[in-house]
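**Student:** Fit chain B to the given chain A structure using the hints.
Spelled out from the first residue to the last, the chains are:
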Amino acid sequence: MAERLKVNPTRMELRRLKDRLKTAVRGHKLLKDKSDEMIRRFMEYAKQNKVLREQVEEELEGALKSFVLAKAVSDEYAIQEAVVMPSSQITLSASTKNVMSVVVPQFELHKTQGEDKYPYSYGSVTAELDDSISVLTELMQKMIKLAEIEKTCNMLADEIEKNRRRVNALEYVMIPQTEETIRYITMKLDENERGNTVRLMKIKSILAEKQ
Amino acid sequence: MREGKIAVIGDRDLILAFKAIGMETFAATDVEQCENLIKKLAKTHAVIFITEDYAKACEHVISRYKSTAYPAIVPIPSGAGSTGYGMENIKKDVEKAVGTDILFNKED
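Protein chains in written order, with the numbering used here: chain A, 1 to 211; chain B, 212 to 319.
Check the hints yourself; a few may be wrong.
Here are the simulated distance ranges between beta carbons [what the hints assert, rightly or not]: (1) Lys-18(A) to Thr-279(B): 35 to 43 Å; (2) Asp-222(B) to Ala-169(A): 43 to 51 Å; (3) Thr-96(A) to Lys-250(B): 16 to 24 Å; (4) Asp-312(B) to Thr-186(A): 40 to 48 Å; (5) Lys-18(A) to Glu-270(B): 44 to 52 Å; (6) Ser-74(A) to Thr-311(B): 43 to 51 Å; (7) Ser-74(A) to Ala-238(B): 17 to 25 Å; (8) Gly-310(B) to Arg-194(A): 44 to 52 Å; (9) Glu-306(B) to Thr-197(A): 53 to 61 Å; (10) Lys-65(A) to Glu-306(B): 28 to 36 Å; (11) Thr-255(B) to Val-173(A): 38 to 46 Å; (12) Asn-98(A) to Lys-251(B): 24 to 32 Å.
Lysine-lysine pairs mimicking BS3-like chemistry, simulated, CA-CA at most 25 Å apart [claimed, not checked]: (13) Lys-307(B) to Lys-47(A); (14) Lys-32(A) to Lys-302(B); (15) Lys-97(A) to Lys-34(A).
From chain A, some residues computed to sit far from chain B (all C-beta separations above 10 Å) [unchecked claim]: (16) Asn-8; (17) Met-12; (18) Arg-166; (19) Tyr-172; (20) Met-187; (21) Leu-189; (22) Glu-193; (23) Thr-197; (24) Glu-209.
Hint data in this document are derived by calculation from the structure and do not stem from the laboratory. Cβ atoms here follow ideal geometry from the backbone N, Cα and C, with glycine treated the same way.
Next up, chain A with everything else stripped away, as it sits in the complex:
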């Protein structure tokens, strides 16, 4: 049994509470629908996220392994010299997107490719470095996509949790309390009404006896 609110059992209070209950029920329904839709969207993103992360991790691991290998075979300074001035530059244009009124980031990759894919002469380093850099270049797009989706997932999960709290608060606290109070006030008012009727009948019978 829900705790009843501490209000005076008056007609005015009753009307106010009934209005409030109507709003609460409507709000609850809307929030619940929102939550359902958010979870549906979230699952789509989460599945994408999982697949993308698996791919990125696997490919990145391979690329980094060959990079480490290249470093091991060649002179350290040669490698540093080779990569320290990249020929291509990467910039992002970052905007935001609205998913279920959660503001999530959206990235778009701009690459200014230099003349060569590899910013060094082939003589100084081994083929492993070529491999790793070529894979990494391909992977860029996916990594940015992963960043976008992972962030979206994060934020949606947060929002879903918050929303669930709201739904639960309405469903298990606010609505039962209001209903309970409305019942209490109705009963109290009815009781007063009955008391009044009885009193009137009594007075009437006393008056009738006197005549």
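**Tutor:** Then chain B, alone, in the frame of chain A:
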């Protein structure tokens, strides 16, 4: 719309690879330095890639940026291979949102 930059935080050896393809790289040698780097880069960069071991160590700093759209901080596996930390995060998200893990439980 704003112009975003990409940063990579990790061991000196590893981040050279990312330098070669035109990302901005920042070397971290210990956890404290890494935390400061994250705080600094969060203001200027849209995406920060960070190697898993550091991401794990700086979790409390990273979690601070989880609820805002920027920056997106993404853990990436280091040269030694993936520790599954990134997957763990997806799993946590799903658990948080749905209440139970319905995406990964087939494998467990």
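**Student:** Each hint needs a verdict: does it hold in this structure or not?
**Tutor:** Checked hints:
Remark: the range hint 35 to 43 Å for Lys-18(A) to Thr-279(B) is upheld by a beta-carbon distance near 41 Å. About 47 Å separates the C-beta atoms of Asp-222(B) and Ala-169(A), a value consistent with the hinted range of 43 to 51 Å. The given range of 16 to 24 Å is respected by Thr-96(A) and Lys-250(B), whose C-beta atoms sit roughly 22 Å from each other. For the hinted restraint 40 to 48 Å between Asp-312(B) and Thr-186(A), the CB-CB distance of approximately 46 Å keeps it satisfied.
Here the CB-CB span from Lys-18(A) to Glu-270(B) is close to 49 Å, well matched to the stated 44 to 52 Å. The beta-carbon spacing between Ser-74(A) and Thr-311(B), approximately 50 Å, falls within the hinted interval of 43 to 51 Å. The beta-carbon spacing between Ser-74(A) and Ala-238(B), approximately 20 Å, falls within the hinted interval of 17 to 25 Å. The given range of 44 to 52 Å is respected by Gly-310(B) and Arg-194(A), whose C-beta atoms sit roughly 49 Å from each other.
The beta-carbon spacing between Glu-306(B) and Thr-197(A), approximately 60 Å, falls within the hinted interval of 53 to 61 Å. Take Lys-65(A) and Glu-306(B): their Cβ atoms lie about 32 Å apart, and the range 28 to 36 Å holds. Evaluation of the 38 to 46 Å hint for Thr-255(B) and Val-173(A) yields a pass: the beta carbon distance comes to about 44 Å. Between Asn-98(A) and Lys-251(B) the beta carbons are some 29 Å apart, a value that agrees with the proposed interval 24 to 32 Å.
The hinted pair formed by Lys-307(B) and Lys-47(A) meets the criterion: a straight-line CA distance of about 15 Å does not exceed 25 Å. A threshold of 25 Å between alpha carbons decides the hint, and for Lys-32(A) with Lys-302(B) the separation of about 23 Å falls inside it, so the pair holds. Only pairs whose Cα atoms come within 25 Å are accepted, and Lys-97(A) paired with Lys-34(A) is accepted, the gap being roughly 18 Å. At roughly 41 Å from the closest C-beta of chain B, the C-beta of Asn-8(A) stays outside 10 Å, upholding its exclusion from the interface.
Here Met-12(A) stays apart from chain B, with its beta-carbon at least about 42 Å from theirs, past the 10 Å limit. Distance check on Arg-166(A): its Cβ is at least 15 Å (rounded) from any Cβ of chain B, clearing the 10 Å threshold; non-interface status holds. Non-interface status of Tyr-172(A) relative to chain B is upheld: no Cβ of that chain comes within 10 Å, the nearest being about 16 Å off. The Cβ of Met-187(A) lies farther than 10 Å from every Cβ of chain B, with a closest approach of about 38 Å, so its non-interface assignment holds.
Here Leu-189(A) stays apart from chain B, with its beta-carbon at least about 42 Å from theirs, past the 10 Å limit. The beta carbon of Glu-193(A) is kept farther than 10 Å from every beta carbon of chain B, the shortest such distance being approximately 48 Å. The claim that Thr-197(A) is not at the interface with chain B holds, since no C-beta of that chain comes within 10 Å of its own (minimum 53 Å). At the 10 Å boundary, the C-beta of Glu-209(A) stays outside the reach of chain B, the nearest C-beta of that chain being 71 Å off.
Every hint, counting from the list given before, is met by this structure.
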